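Each chain, written out:
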Amino acid sequence: MNMADVVVKKMVDEVFIESFEIEPAKLVPGANIFIDLGLDSLDIVDLVVALQKKFKIQIRSDERLRNIRTLGDIYAFIEALKTEGSDLKTKD
Amino acid sequence: MKKTFLISYSLLFYFLFFVFTLVFIPLMFLGVAATRLFLGQRRAMERFRRAINHYGWVIINLLPLGLIRVNYKDLETGDRRPPFIFVANHRAASDPFLMASLPYECIQVVNVWPFKLPIFGNLAALAGYLNVRRLPFEEFRSRAVKLLSQGVSIIVFPEGTRSGSKVMGQFHGAIFRVALETGAPIAPICLMGNERTPAKGSFIMEPALIRVHKLAALRKDQYQTFSPFKLKNHVRDLIAGYIAATEVQ
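Taken in sequence, the protein lines are chains P and C.
Read in our numbering, the first sequence has 63 at position 63, and its numbers run on one by one without any break.
Read in our numbering, the second sequence has 147 at position 147, and its numbers run on one by one without any break.
Read the hints as simulated data drawn from the structure, not as lab findings.
Quantities reported herein were computed from a predicted structural model and do not represent experimental measurements.
Some clues are possibly wrong.
[To be verified] Selected chain P positions facing chain C (Cβ under 10 Å, derived; list incomplete):
1) S19
2) F20
3) E21
4) I22
5) F34
6) I35
7) D36
8) L37
9) G38
10) L39
11) D40
12) S41
13) L42
14) D43
15) D46
Ideal Cβ placement from N, Cα and C applies to all residues, glycine included.
Let the hints inform the model, and build the full structure from the sequences given.
If you want it as C-alpha cells, here you go:
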C-alpha cells in the first residue's frame, strides 16, 4: 500500500469513527459494513454524505456503490476515484 | 415419547388456534363495523387494535393450556402514558403475539410476508401496520409520525428477522430516526424463553416459561443528541445487556 492509499484508508476510517463512533479496532478491510459494523441502508446514505464531505467529491450517483460490502471495498472505491482523476481531496 | 407428546401438543394447539381464529375474527370485524357507525373512524380504529390485542392475549395465555406461560413485567418507573416506541428483540414466530402483553393501543412494524398471510395480512393492513420493506422511508416516517401524534404506540423488531437463538442480530435504524424526529419515549422490550415456541424452521411448540420484560423507557432528553446509528446500538445494548444478566440467573 503506497502513501496515498494509506491516507485514503486513514480518512475513510476517520469517517466511521467520527460519524458512527465505531471503535478503530473494528475497522479492518475485511469487515462487512452491514454485518460486522452494523450499518443499514439508511446509514449508508449518511455514510455517503460523510465521505462526500470528507473527500470533497460527489459519489452519490455512482453505480459502484451498490457493490460495496466491506470496508476494503470502500477503500478500493475511493482509491479508484483517485486513479480516475476525480478532484479528490486527500489532505485534511 | 417426548417427541410424540410435543407433536400431539402442537397439533392440539394449532387446532385450538384455528378454531378460535375462525370464531373470533368475524365477531371482531362485526363489532368494529358496528363501532364505526356510532363512534367514528379514530375510535373504531382504537377498538379494532385493542380487539387484535385481546385476540393475541388469548392465544398466548389461554390456548397453550398452561404448558406455555407468559410472564409480563413492566419495569417502567416514570410516565406510563402513551405513545411509546416499543423496540423488541426477535427470536421466534410467536413474538408478534407476545406483544399482546402490552396494555396499549399499538401497531406493529412488519416485514413483507405477514401481509401476505390470509386473515392476518388483512388484519395487519386494516389496523394500519407499517410494511417497512414496501414503504419508502419518507412514507414510513410520515405514517409513523402521524400514528404517534394520535397516541398510538409502535412496536418494532429492528433485527428484521427471527434470530432463532439467544444471539441478537444487528438493528435496522428506520424507527430510531422517527424517534429522533418526534422525541417519543423508546421502551426496550426483552423477549426471553421463546426461542423454541416454535423454533426457527419448525412448527413444534415446546412448553416454556416466556418472559416479556418492558424496560424503563429512554426519554427524549436522554437520547436527543445521539445519531440514529448510535441510538439504535444503544437500545440494542440495553436489551442485550438485560437479557444476558437475566438469562444467567
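Against the structure, the hints:
{"no.": "1", "hint": "S19", "result": "holds (7 Å)"}
{"no.": "2", "hint": "F20", "result": "holds (5 Å)"}
{"no.": "3", "hint": "E21", "result": "holds (6 Å)"}
{"no.": "4", "hint": "I22", "result": "holds (9 Å)"}
{"no.": "5", "hint": "F34", "result": "holds (7 Å)"}
{"no.": "6", "hint": "I35", "result": "holds (7 Å)"}
{"no.": "7", "hint": "D36", "result": "holds (9 Å)"}
{"no.": "8", "hint": "L37", "result": "holds (9 Å)"}
{"no.": "9", "hint": "G38", "result": "holds (4 Å)"}
{"no.": "10", "hint": "L39", "result": "holds (7 Å)"}
{"no.": "11", "hint": "D40", "result": "holds (5 Å)"}
{"no.": "12", "hint": "S41", "result": "holds (8 Å)"}
{"no.": "13", "hint": "L42", "result": "holds (5 Å)"}
{"no.": "14", "hint": "D43", "result": "holds (5 Å)"}
{"no.": "15", "hint": "D46", "result": "holds (7 Å)"}
Of the numbered hints stated above, none is contradicted by the structure.
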